[in-house]
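Residue numbers (UniProt numbering), protein chains in the order written: chain A, 1 to 330; chain B, 1 to 330; chain C, 1 to 330; chain D, 1 to 330; chain E, 1 to 330; chain F, 1 to 330.
Think of the hints as simulated: they come from the structure by calculation, not from any bench.
Computed from a predicted structure; not experimentally measured.
Please note that the accuracy of each hint is not assured.
Identical copies look the same in the list; a pair holds intra-copy or inter-copy alike.
[Said to hold, decoys possible] Here are the computed lysine-lysine pairs in the DSSO-like style, where the Cα-Cα straight-line distance is at most 30 Å:
| # | residue 1 | residue 2 |
| --- | --- | --- |
| 1 | Lys26 | Lys76 |
| 2 | Lys291 | Lys233 |
| 3 | Lys26 | Lys304 |
| 4 | Lys76 | Lys304 |
| 5 | Lys39 | Lys224 |
| 6 | Lys224 | Lys26 |
| 7 | Lys233 | Lys41 |
| 8 | Lys291 | Lys119 |
| 9 | Lys244 | Lys39 |
| 10 | Lys171 | Lys119 |
| 11 | Lys228 | Lys39 |
| 12 | Lys245 | Lys39 |
6 protein chains.
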Amino acid sequence: MKSYPYPMLNRPPFYYHTNRELDERKVHEWIEQVDVENKEKWSAYDAVILGVPLSRSSISASSASENPEAFRRAWKSFTTYNLDEDLDLSTLNIVDLGDVREHVTDISVCHENIREAMKAIRTHHSQAMPIVVGGDHSITAMLVKGYKDVHHNERIGILQFDTHFDLRDTKELGPANGTPIRQLIESQTVQGKDVYNIGLHGFFNARSLKQYADEVGLQYFTMKQTRKVGIEKIVQQALNELNKKVDKIYVTVDMDVLDISVAPGAPVSTPGGMYIHELLEAVQIAGQHQKVSAMDIVCLDPQKDVAQATVKTGVHVMLSFLTGYKQREF
Amino acid sequence: MKSYPYPMLNRPPFYYHTNRELDERKVHEWIEQVDVENKEKWSAYDAVILGVPLSRSSISASSASENPEAFRRAWKSFTTYNLDEDLDLSTLNIVDLGDVREHVTDISVCHENIREAMKAIRTHHSQAMPIVVGGDHSITAMLVKGYKDVHHNERIGILQFDTHFDLRDTKELGPANGTPIRQLIESQTVQGKDVYNIGLHGFFNARSLKQYADEVGLQYFTMKQTRKVGIEKIVQQALNELNKKVDKIYVTVDMDVLDISVAPGAPVSTPGGMYIHELLEAVQIAGQHQKVSAMDIVCLDPQKDVAQATVKTGVHVMLSFLTGYKQREF
Amino acid sequence: MKSYPYPMLNRPPFYYHTNRELDERKVHEWIEQVDVENKEKWSAYDAVILGVPLSRSSISASSASENPEAFRRAWKSFTTYNLDEDLDLSTLNIVDLGDVREHVTDISVCHENIREAMKAIRTHHSQAMPIVVGGDHSITAMLVKGYKDVHHNERIGILQFDTHFDLRDTKELGPANGTPIRQLIESQTVQGKDVYNIGLHGFFNARSLKQYADEVGLQYFTMKQTRKVGIEKIVQQALNELNKKVDKIYVTVDMDVLDISVAPGAPVSTPGGMYIHELLEAVQIAGQHQKVSAMDIVCLDPQKDVAQATVKTGVHVMLSFLTGYKQREF
Amino acid sequence: MKSYPYPMLNRPPFYYHTNRELDERKVHEWIEQVDVENKEKWSAYDAVILGVPLSRSSISASSASENPEAFRRAWKSFTTYNLDEDLDLSTLNIVDLGDVREHVTDISVCHENIREAMKAIRTHHSQAMPIVVGGDHSITAMLVKGYKDVHHNERIGILQFDTHFDLRDTKELGPANGTPIRQLIESQTVQGKDVYNIGLHGFFNARSLKQYADEVGLQYFTMKQTRKVGIEKIVQQALNELNKKVDKIYVTVDMDVLDISVAPGAPVSTPGGMYIHELLEAVQIAGQHQKVSAMDIVCLDPQKDVAQATVKTGVHVMLSFLTGYKQREF
Amino acid sequence: MKSYPYPMLNRPPFYYHTNRELDERKVHEWIEQVDVENKEKWSAYDAVILGVPLSRSSISASSASENPEAFRRAWKSFTTYNLDEDLDLSTLNIVDLGDVREHVTDISVCHENIREAMKAIRTHHSQAMPIVVGGDHSITAMLVKGYKDVHHNERIGILQFDTHFDLRDTKELGPANGTPIRQLIESQTVQGKDVYNIGLHGFFNARSLKQYADEVGLQYFTMKQTRKVGIEKIVQQALNELNKKVDKIYVTVDMDVLDISVAPGAPVSTPGGMYIHELLEAVQIAGQHQKVSAMDIVCLDPQKDVAQATVKTGVHVMLSFLTGYKQREF
Amino acid sequence: MKSYPYPMLNRPPFYYHTNRELDERKVHEWIEQVDVENKEKWSAYDAVILGVPLSRSSISASSASENPEAFRRAWKSFTTYNLDEDLDLSTLNIVDLGDVREHVTDISVCHENIREAMKAIRTHHSQAMPIVVGGDHSITAMLVKGYKDVHHNERIGILQFDTHFDLRDTKELGPANGTPIRQLIESQTVQGKDVYNIGLHGFFNARSLKQYADEVGLQYFTMKQTRKVGIEKIVQQALNELNKKVDKIYVTVDMDVLDISVAPGAPVSTPGGMYIHELLEAVQIAGQHQKVSAMDIVCLDPQKDVAQATVKTGVHVMLSFLTGYKQREF
């Protein structure tokens with residue numbers, strides 16, 4: 001390449017490698033693309049990222065399907081170094097697998113692909129933490145099922161950050177973004193009492209869903225409780241209880257858990273919700289727990305975002321979770 | 001009601017009846033809601049409006065499903081009187097049937113409901129012009145099929161205003177917003193040569209689709225041709241040719257036929273498209289033709305609109321079409 | 001209606017009754033429209049909602065007049081069930097009276113109508129809590145006067161959440177949105193010492209107004225104080241003091257009390273203001289107090305809002321207040 | 001000033017005098033502020049600009065009151081030199097008188113001030129062309145009346161560019177932005193047949209207003225006619241006819257005459273309206289006519305504008321009109 | 001790759017290869033990235049694309065530096081097939097060289113790199129048409145100089161589409177976006193009479209610049225002239241005249257030539273400018289001319305764009321130019 | 001002026017003097033423009049404001065250069081009276097010097113002018129607190145150098161509120177907005193250990209910068225620490241430590257220290273940042289300290305702001321700082 005006559009150019013796809021200190025790494029320079037030829041490397045990954053560009057299963061119209069691509073663009077503005085913790089994520093091997101293929105008009109095909117993708121991840125990268133970037137919340141049912149397909153002997157718990165129960169009935173809606181937790185309970189993938197929801201509040205859930213939650217023993221902490229006790233303690237308590245009951249914990253973050261004033265890109269976020277620094281703290285604590293084994297981030301619609309604020313917050317949620325993950329003693 | 005003690009109030013749903021001349025009528029005061037009890041009135045309607053809030057069948061994420069509701073809000077700012085033509089639409093009996101019920105996760109149910117709705121319209125309001133407010137372009141296939149179900153002996157032609165052919169293959173996409181015309185041709189609902197597309201241009205269609213169009217004899221006029229000849233003449237020519245071949249003409253307006261600079265609410269509108277006054281003129285001419293028997297307006301996404309500009313333009317398209325309709329000698 | 005041939009349609013005005021559990025109720029399904037024929041029902045209402053679409057009395061240009069309609073649209077996304085409190089509002093009888101009729105160019109006619117409307121409410125629905133959705137803050141003077149017209153022997157106190165005193169001089173402005181509290185004091189409708197303002201702060205009030213406030217004995221807590229002590233205690237203290245002095249407490253919420261970062265739809269909100277969860281808590285506590293007898297929400301401009309965030313917050317303020325109201329021992 | 005130690009500063013109010021050729025003049029450097037001390041200069045002005053920040057008389061909520069200030073900011077980006085015509089406006093003496101003082105809650109005071117302002121202009125700057133920057137259309141009635149107060153023996157005609165007749169009844173609305181032309185006719189300030197309206201179209205006027213227009217002999221050209229014949233010829237014809245009948249012509253430009261796609265800052269602009277280059281041409285022709293003696297620009301709401309597009313268009317309307325004015329043989 | 005276990009995934013960078021007919025090609029699938037190892041291929045390119053992310057040389061703050069990246073994202077929504085002309089661009093070999101490296105605080109380094117990049121292009125891809133995506137207009141001076149460095153014996157003419165002369169003085173501004181044409185004339189790179197500017201109009205140029213233009217014999221057509229004669233004829237005339245005088249023609253498109261109502265992303269676009277279909281036609285004609293040998297597109301600021309409208313228009317300008325280029329008889 | 005015939009007008013530049021109590025003062029009525037003729041007054045100023053409209057030295061494209069003008073417009077909505085503290089700023093003599101003249105293409109000229117401006121301020125208004133309104137953060141290096149030029153014997157410390165270290169290397173970037181603190185350290189204007197940064201957090205700084213910071217002994221508190229301890233205590237601690245070491249403290253506020261959800265106009269603000277009320281409290285405390293001798297506010301881009309929220313917050317930062325300043329015992 002010595003003879004290449006364009007010393008004055010930055011060439012694609014290297015647009016972003018300029019103007020920075022040599023030892024600075026941006027997130028997109030750290031996250032690799034999967035090496036499809038080299039099977040040996042597959043088992044060495046510490047984490048794998050999977051995009052799920054599906055939101056036509058959303059009750060109200062959503063462009064959350066565009067979030068995986070928006071995420072990849074937004075993480076270019078983050079370094080791999082967490083200053084609060086003096087910790088660099090870049091020693092983790094992390095790979096971006098790309099996006100689950102979606103069918104335009106047959107949602108069941110989409111859902112099956114998602115389940116298959118998680119199965120493949122658990123099969124081929126068994127050491128790696130799956131990080132799934134949705135998409136709407138319907139994907140969580142399929143991801144946990146896919147996880148369970150591989151780990152059928154393990155009891156799986158769920159730690160959910162959400163304004164909603166997501167316990168609506170599939171008889172009416174099919175497998176939509178309002179139903180995933182109910183689907184998992186009804187299919188006996190997960191037990192009701194192994195689901196911990198943090199962030200519920202206000203006038204955004206039907207009473208019938210609260211009754212269903214109580215019947216199946218689902219655990220939850222409202223924002224009012226959470227604010228009084230402090231998010232750290234609440235998350236710790238949920239993890240402690242789950243720890244006694246389950247083998248693996250799946251973390252699902254519905255970005256609408258955030259307050260409406262801080263998350264324009266989470267279109268059904270509501271007044272009275274969580275603040276950003278609370279959510280970042282919460283997922284870091286979750287990431288630290290040995291039994292936490294997968295996570296997803298859903299219901300983030302980049303079309304409705306303002307100045308990438310919510311997409312960047314979503315990326316930070318992922319990085320804070322990975323910070324916790326790296327803080328575990330391996 | 002004499003004794004009602006609130007002479008100082010405007011009561012819902014009468015919010016809009018204030019501050020206007022007595023003989024002024026706004027569109028929402030003219031369009032009635034269907035009288036479900038009184039079957040005799042059903043056959044007296046001159047036109048029926050049907051909302052189709054479906055856009056999860058759209059290739060890219062779309063909120064066109066919110067357009068029927070946006071339409072109903074926007075038409076409150078229009079009078080029934082067309083000043084250019086000195087003609088008042090309010091002598092037409094027109095009814096709003098409401099919206100086709102959609103399933104959240106099973107698009108085939110949605111499509112079947114749409115087809116059934118058009119069948120019911122053609123059965124119960126046989127004198128009425130159906131005006132369908134989409135939704136995305138996938139609905140057109142079902143609407144024409146529903147029409148054909150009732151009028152199975154009639155040859156149906158299509159006058160399409162569109163930047164795209166909408167001839168993509170359902171094998172790949174299923175019945176999406178890129179496929180309706182192909183579906184109609186392949187199902188032999190409509191013959192290729194009976195489809196007239198006005199507004200195609202630029203770099204927005206695959207060559208293969210043009211080749212398919214030529215093979216099936218589909219007729220089209222690019223924007224470049226249209227601009228040179230004049231929209232009036234082009235539409236007249238298309239109607240004249242269709243008149244010789246078919247029994248009924250179905251008009252479908254994809255709002256993305258408009259130039260990208262004038263239609264923010266038509267998210268796949270493109271540079272080089274039609275201007276608003278051209279489209280208004282075109283549909284008025286179409287409305288005048290005796291064989292024109294149904295029309296739809298699709299691919300208008302109110303979430304992406306700016307200051308209701310495109311939604312209002314869509315409403316005007318409907319009213320200009322009805323102007324032409326009223327100008328027929330009944 | 002058995003024979004109605006459109007089983008596949010949702011008909012207006014029932015657009016919103018779909019896709020939900022049978023026992024779920026949305027706010028718009030709970031709030032009734034007034035039954036003008038049936039006088040017996042009038043006295044059975046627990047609460048009445050009155051819209052006041054007036055904002056041409058605002059010092060700076062405002063579209064707060066569009067807020068009542070925006071409120072009604074926004075409350076469709078709220079359920080009647082408050083999860084934090086495990087309490088369902090739907091056992092309250094609540095009616096929407098509609099909007100006060102406004103004159104386009106004679107503001108004194110508007111104001112008189114508002115006063116008459118409150119008088120009619122207090123006369124015909126004497127058991128009901130009036131909830132008034134403004135409009136700008138000028139309406140509060142007329143609402144309290146209308147209240148006093150009926151309850152002329154009662155001493156009325158005011159609990160105000162506001163960034164401003166609203167004590168400006170009507171000699172200069174007439175009865176504008178900067179003057180209502182002064183109007184009430186000068187007309188001896190309310191005593192200065194019976195007004196409690198929470199939320200004042202920063203550089204948004206003239207010193208002369210503070211001096212006037214001190215002269216008339218008006219009580220206030222700045223945001224700085226409020227933040228130190230905690231909103232709960234401050235509101236409780238204000239209510240306790242008022243309880244000793246007055247017969248009835250009127251609550252007025254100027255949405256500009258919120259911080260500029262959380263209330264885009266409150267155009268004169270300012271840096272350093274209240275956060276949403278604080279305001280929700282404050283009004284719930286106020287709603288619980290036996291002497292609180294009316295409330296209004298003002299200065300919310302939907303035209304300036306971003307993604308309905310502030311309108312939804314306003315609706316939540318109303319629902320949190322009603323939560324407190326229902327928590328009283330009747 | 002030699003000793004002033006800040007050679008490196010641009011001082012207010014001279015912020016804009018930098019980075020330009022010495023012989024370039026921006027509009028704000030050309031338009032002077034009135035010299036209140038020096039009465040001799042008053043009669044030497046060729047044109048005077050008057051701001052009228054009134055829009056609380058608008059039927060729908062409007063911030064057109066902010067337009068005079070927005071205008072003054074926007075004209076800083078225009079030079080005084082018209083390249084199309086190779087003509088420099090800067091040889092005209094032009095003065096900015098400032099804004100009419102408005103009352104916050106008494107619209108009749110506002111209107112009286114406007115009338116007085118025009119009377120003062122006609123009295124003290126009798127050689128100057130008044131250019132009035134609104135504000136909503138209600139101001140036109142007062143401006144023409146003020147003009148007539150001074151020129152009571154002269155017959156005044158009106159050349160109006162507007163989507164609406166503005167002939168609504170003051171009995172219902174008072175003197176609002178929908179009524180000015182009717183007010184002028186009913187007060188016999190102007191005869192119906194001396195009003196020429198260009199730009200009416202579509203579904204934006206009640207039939208009753210058209211009937212009223214016909215009864216009083218008002219002249220108008222719809223956009224459809226205008227587009228067929230060409231704006232130049234239509235304007236010329238209107239001026240020719242007015243020339244035979246009246247002594248003075250008042251030009252009023254309601255910015256909502258523009259198409260909805262080109263005028264985001266004219267909130268009631270509509271589909272099917274005029275394009276910008278047509279309006280610019282129209283007002284230049286009007287400016288050239290010897291009898292044209294005043295003009296106003298109304299109903300421009302900077303709060304709804306996008307990137308100053310409509311405000312800049314409004315400024316260009318003023319400058320194109322002045323171009324025509326300067327092209328007269330004095 | 002058979003064994004790769006993710007048949008259900010679309011992998012980066014292949015996100016965009018889904019859901020399309022096999023013979024459909026999107027622009028990003030056609031434009032290759034340069035093969036730095038394989039020098040033989042370098043001379044086979046028909047066209048090369050160069051990004052120039054420089055806009056800190058802009059008089060007013062600009063983010064035009066982000067345009068090359070925005071272009072690359074936007075062209076993914078274009079096919080290679082031009083339907084109006086039944087012509088497929090994909091038979092052209094075209095390569096994306098990437099972006100010129102810019103210095104953050106030393107603009108002269110940026111400019112030198114730009115000049116060097118054009119020199120390298122003309123040296124190593126002598127058969128290829130350079131297409132340069134700016135950046136602000138200051139880059140044109142360096143690009144033409146770089147071109148001239150290699151072709152020093154050739155007389156170069158310029159065909160400019162612009163609202164401005166760009167003839168301001170570098171003594172005051174340095175080499176900014178207002179000065180490039182003057183720089184080229186003063187450095188004798190280009191003769192004044194060999195510059196043809198189409199699109200000048202209104203109040204956006206100082207008289208002194210017009211005088212300078214006349215002194216150096218610069219040719220121009222205002223928008224008023226252009227609209228009367230028709231853009232086709234004007235462009236043809238300019239090319240004919242240039243053809244007689246020069247060896248090579250450089251085409252520069254300043255996007256602010258477009259009307260303010262159609263180009264939100266061209267921040268100094270103005271009222272009275274060119275419409276999109278006119279510009280597309282103009283550049284296609286230019287592309288057809290044998291002597292046209294390079295082109296650039298400048299002053300497009302994606303940060304100010306609305307829904308990618310202007311960026312997409314810019315991409316279409318490039319594709320329309322290449323359409324003309326391919327229509328030449330090679 | 002008695003005879004001036006326009007009693008009904010507000011004249012420019014007096015637009016804002018209306019509709020207010022006589023003893024109310026808005027900030028723009030308090031801040032004077034410098035009296036260039038009257039040198040005696042120069043030394044009587046308590047504070048001077050300097051605008052620095054430079055942002056072409058910003059790494060990513062920025063319009064922070066427009067902030068000084070935006071500031072001046074925004075402060076018209078603030079009174080001089082701080083209600084929280086019952087303190088009126090208007091007894092301070094404060095003058096607006098205007099803006100530093102900037103060169104369009106030579107950033108070193110801009111920087112030199114900035115340094116000279118601070119030198120002149122310290123020379124001619126030695127009693128005055130300099131308040132500098134940027135502009136991007138590159139200006140801080142020049143301002144502190146200019147300060148040091150005059151006070152060369154004094155040890156200067158820096159109190160920085162920032163999400164970033166701003167310690168990047170000028171070898172790569174030149175003197176950009178990422179480098180000022182490093183420039184000051186390397187030029188020995190300031191010692192590393194005399195820099196206190198509050199607000200650092202998350203993934204927004206390269207590890208190498210943290211290492212550099214540690215090497216030079218720079219002091220910092222992350223947001224996580226700050227939130228735990230409380231902003232008041234952290235600021236107090238930083239001031240206490242600085243007090244022991246230095247003679248003068250320069251305060252620099254990079255608005256990106258604010259959380260991304262509260263500062264749309266600070267384009268590189270990030271998730272997890274400071275809240276507005278915390279920053280206001282912090283700068284007030286800083287203003288109270290006797291050794292604090294200058295402050296700047298940087299990286300505020302009004303083009304990206306939403307409804308002036310961040311610009312108004314910036315103005316409040318200035319006023320809160322001045323509140324502290326006035327609270328000192330003089």
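Checked hints:
no. : hint              : result
1   : Lys26 <-> Lys76   : both (6 Å within a copy, 25 Å between copies)
2   : Lys291 <-> Lys233 : within (18 Å within a copy, 38 Å between copies)
3   : Lys26 <-> Lys304  : both (26 Å within a copy, 24 Å between copies)
4   : Lys76 <-> Lys304  : both (20 Å within a copy, 20 Å between copies)
5   : Lys39 <-> Lys224  : neither (49 Å within a copy, 41 Å between copies)
6   : Lys224 <-> Lys26  : between (37 Å within a copy, 22 Å between copies)
7   : Lys233 <-> Lys41  : neither (39 Å within a copy, 50 Å between copies)
8   : Lys291 <-> Lys119 : within (18 Å within a copy, 56 Å between copies)
9   : Lys244 <-> Lys39  : neither (36 Å within a copy, 61 Å between copies)
10  : Lys171 <-> Lys119 : both (26 Å within a copy, 27 Å between copies)
11  : Lys228 <-> Lys39  : neither (50 Å within a copy, 46 Å between copies)
12  : Lys245 <-> Lys39  : neither (35 Å within a copy, 59 Å between copies)
Comparing the model with each numbered hint stated earlier shows that hints 5, 7, 9, 11, 12 do not hold.
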